[in-house]
Amino acid sequence: MSDGGLTPSQTVGPYLAIGLPWPDGPHVVPEGSPGAVWIRGTVRDGNGAPLPDALVETWQADPAGHFDHPDDPGGRHTEFRGFGRCPTDDGGGYAILTRKPGRVPGPGGVEQAPHIAVSVLARGLLNRVVTRIYFADEAAANAADPVLAGVPADRRATLIARPIDDGYRFDIRLQGDDETVFFAL
Amino acid sequence: MTPAVYRRDDGTVHPPLLSPGYRSTILRAPSQAPVLLPHTLTELTGPVLGEGRVTAADADLTVRAGGGEAQGQRIVVHGRVRDENGRPVPNSLVEVWQANAAGRYLHKWDRHDAPLDPNFTGVGRCLTDASGHYRFVTIKPGAYPWGNHANAWRPAHIHFSLFGRAFTQRLVTQMYFPDDPLFGYDPIVNSVRDERARQRMVAAFDLAATVDEWALGFRFDIVLRGTEATPMETRP
Ligand SMILES: [Fe+3]
Numbered sequence: 001m002s003d004g005g006l007t008p009s010q011t012v013g014p015y016l017a018i019g020l021p022w023p024d025g026p027h028v029v030p031e032g033s034p035g036a037v038w039i040r041g042t043v044r045d046g047n048g049a050p051l052p053d054a055l056v057e058t059w060q061a062d063p064a065g066h067f068d069h070p071d072d073p074g075g076r077h078t079e080f081r082g083f084g085r086c087p088t089d090d091g092g093g094y095a096i097l098t099r100k101p102g103r104v105p106g107p108g109g110v111e112q113a114p115h116i117a118v119s120v121l122a123r124g125l126l127n128r129v130v131t132r133i134y135f136a137d138e139a140a141a142n143a144a145d146p147v148l149a150g151v152p153a154d155r156r157a158t159l160i161a162r163p164i165d166d167g168y169r170f171d172i173r174l175q176g177d178d179e180t181v182f183f184a185l
Numbered sequence: 001m002t003p004a005v006y007r008r009d010d011g012t013v014h015p016p017l018l019s020p021g022y023r024s025t026i027l028r029a030p031s032q033a034p035v036l037l038p039h040t041l042t043e044l045t046g047p048v049l050g051e052g053r054v055t056a057a058d059a060d061l062t063v064r065a066g067g068g069e070a071q072g073q074r075i076v077v078h079g080r081v082r083d084e085n086g087r088p089v090p091n092s093l094v095e096v097w098q099a100n101a102a103g104r105y106l107h108k109w110d111r112h113d114a115p116l117d118p119n120f121t122g123v124g125r126c127l128t129d130a131s132g133h134y135r136f137v138t139i140k141p142g143a144y145p146w147g148n149h150a151n152a153w154r155p156a157h158i159h160f161s162l163f164g165r166a167f168t169q170r171l172v173t174q175m176y177f178p179d180d181p182l183f184g185y186d187p188i189v190n191s192v193r194d195e196r197a198r199q200r201m202v203a204a205f206d207l208a209a210t211v212d213e214w215a216l217g218f219r220f221d222i223v224l225r226g227t228e229a230t231p232m233e234t235r236p
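Sequences listed follow chains U and A, in order. Just so you know, the first sequence maps onto residues 1 to 185 in our numbering. Just so you know, the second sequence maps onto residues 1 to 236 in our numbering.
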């Protein structure tokens with residue numbers, strides 16, 4: 001019963017796939033959109049085993065750096081939803097079709113490098129874990145990014161998506177060697 | 001825009017990711033400490049979803065599939081979504097999914113030897129109204145075994161997913177029913193260490209929401225993360 005305090009998080013459990021995926025969830029932009037890129041990856045556990053029961057959600061600005069949200073000073077964009085969600089397949093793979101985001105303001109007025117906010121939900125995760133996707137072909141912007149600067153240098157590579165034929169690859173390792181950097185919100 | 005920054009998780013409410021009583025956490029909980037993320041525009045905004053994606057029928061789980069009525073005890077589940085500052089969260093997407101009355105999910109991996117119900121998919125969604133209120137009609141889900149340990153049974157529950165207004169407010173939780181005898185044995189419920197916080201996941205029987213001759217009512221209010229109190233420098 002509510003006492004006004006925060007409601008605790010619980011796991012999505014193994015059957016999230018009946019409730020959360022949408023048919024168009026992985027398509028932040030429609031197939032064939034100019035500038036559309038796939039972001040593909042595999043979610044793995046501490047043994048390196050793929051997770052067939054995870055959900056990857058993404059939130060990002062459009063290529064001009066605006067969010068489809070009333071609090072964005074640039075105003076709400078109706079044509080770019082900014083949100084993607086994709087359940088992992090039997091091999092732990094996910095794929096989101098989107099456009100690369102523009103730059104958005106960061107702490108202290110410093111512009112952030114292009115990035116996508118990510119939540120991972122899964123059986124065995126009692127709360128979502130949060131990470132960010134940055135882009136390998138934005139080396140100069142990444143070097144000046146105030147959030148990346150707060151990440152230990154030897155772990156930053158886990159946040160960088162690498163170019164592939166039709167977009168970028170961003171693997172997520174929940175635990176162990178090359179564990180992805182997760183953020184406390 | 002408002003310079004509001006969301007309150008940081010103080011570690012007393014949400015369960016620790018590594019909760020070994022729930023075995024699946026052992027290989028899935030990150031081992032490194034999380035890096036503190038400043039709340040930038042990315043975190044202070046979030047998906048505004050639902051318009052065009054939700055119909056009124058999506059809030060009634062008892063009539064969605066098959067053309068017939070779902071088996072089981074009909075219930076009304078409703079409540080308000082607010083933030084820690086007590087402000088309602090309006091026009092926000094609420095998604096639910098659950099087992100049927102026999103404790104079986106309509107999912108390819110659910111091998112529990114209990115009947116499926118051709119008239120129950122176990123999936124619903126709705127938007128909160130202007131005052132943050134939501135309402136579903138469904139059936140009471142059954143408890144189900146889950147293999148975590150000998151005789152492990154999940155207390156009856158409904159999975160809830162909420163977006164709130166910002167990326168910082170995203171929450172997935174489970175709603176439980178009052179006085180479930182399985183509470184003391186369930187490592188997922190008890191991964192929340194604070195007793196008062198655990199109680200917030202338990203719906204209250206609600207006679208006012210009960211529909212005479214038709215369905216029992218339960219109230220489940222949900223509280224998402226609030227913003228930091230505004231600085232006090234303007235006070236005398
Ligand atoms: Fe469940």
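Everything labelled a hint here was simulated from the structure, so no lab data went into it. Glycine included, C-beta positions come from ideal geometry on N, C-alpha and C. Some clues are possibly wrong.
Incomplete in silico selection of chain A near chain U, CB under 10 Å [what the hints assert, rightly or not]:
| # | residue |
| --- | --- |
| 1 | Ile26 |
| 2 | Arg74 |
| 3 | Tyr105 |
| 4 | Lys140 |
| 5 | Val202 |
Computed spacing ranges between beta-carbons, pair by pair [said to hold, decoys possible]:
| # | chain 1 | residue 1 | chain 2 | residue 2 | range |
| --- | --- | --- | --- | --- | --- |
| 6 | U | Gly102 | A | Arg7 | 43 to 53 Å |
| 7 | A | Lys108 | U | Trp22 | 39 to 49 Å |
| 8 | A | Thr210 | U | Gly35 | 48 to 58 Å |
| 9 | U | Trp22 | A | Arg87 | 25 to 35 Å |
| 10 | U | Gly150 | A | Glu69 | 24 to 34 Å |
| 11 | A | Arg53 | U | Gly150 | 54 to 64 Å |
| 12 | A | Arg53 | U | Pro73 | 25 to 35 Å |
| 13 | U | Pro63 | A | Gly67 | 37 to 47 Å |
20 Å max Cα-Cα, derived DMTMM-like pairs, lysine to aspartate or glutamate [unchecked claim]:
| # | chain 1 | residue 1 | chain 2 | residue 2 |
| --- | --- | --- | --- | --- |
| 14 | A | Lys108 | U | Glu138 |
| 15 | A | Lys108 | U | Asp89 |
| 16 | A | Lys140 | A | Asp60 |
Here's how the hints hold up against the structure:
This hint holds: A/Ile26 has a C-beta 8 Å from the nearest C-beta of chain U, less than the 10 Å allowed. Hint status for A/Arg74: violated, given a least beta-carbon distance of 20 Å to chain U, over 10 Å. A distance limit of 10 Å between C-beta atoms decides the matter here; for A/Tyr105 the minimum to chain U is near 4 Å, and the interface restraint holds. For A/Lys140, the shortest C-beta to C-beta distance to chain U is roughly 17 Å, which exceeds 10 Å, and the interface hint is violated.
Nearest Cβ of chain U to the Cβ of A/Val202: about 6 Å, under the 10 Å cut. The hint holds. A hinted range of 43 to 53 Å is violated for the C-beta pair U/Gly102 and A/Arg7, which are about 29 Å apart. Taking 39 to 49 Å as the suggested C-beta distance range, the pair A/Lys108 and U/Trp22 does not conform, at roughly 18 Å. With their beta carbons about 54 Å apart, A/Thr210 and U/Gly35 fall inside the hinted range of 48 to 58 Å.
At about 28 Å, the beta-carbon gap between U/Trp22 and A/Arg87 stays in the expected band of 25 to 35 Å. As the Cβ distance of U/Gly150 to A/Glu69 is approximately 55 Å, the hint placing it in 24 to 34 Å is violated. Between A/Arg53 and U/Gly150 the beta carbons are some 36 Å apart, a value that contradicts the proposed interval 54 to 64 Å. For A/Arg53 paired with U/Pro73, a C-beta distance near 26 Å keeps the hint of 25 to 35 Å intact.
One distance hint, 37 to 47 Å for the beta-carbon pair U/Pro63 and A/Gly67, holds here, with the actual separation near 46 Å. A hinted pair counts as satisfied when its Cα atoms are at most 20 Å apart, and A/Lys108 with U/Glu138 does not qualify at roughly 42 Å. Using a Cα cut-off of 20 Å, the hinted pair A/Lys108 and U/Asp89 holds, with the two alpha carbons roughly 13 Å apart. In summary, the hint linking A/Lys140 to A/Asp60 is supported, as the alpha carbons are separated by about 13 Å, within the 20 Å threshold.
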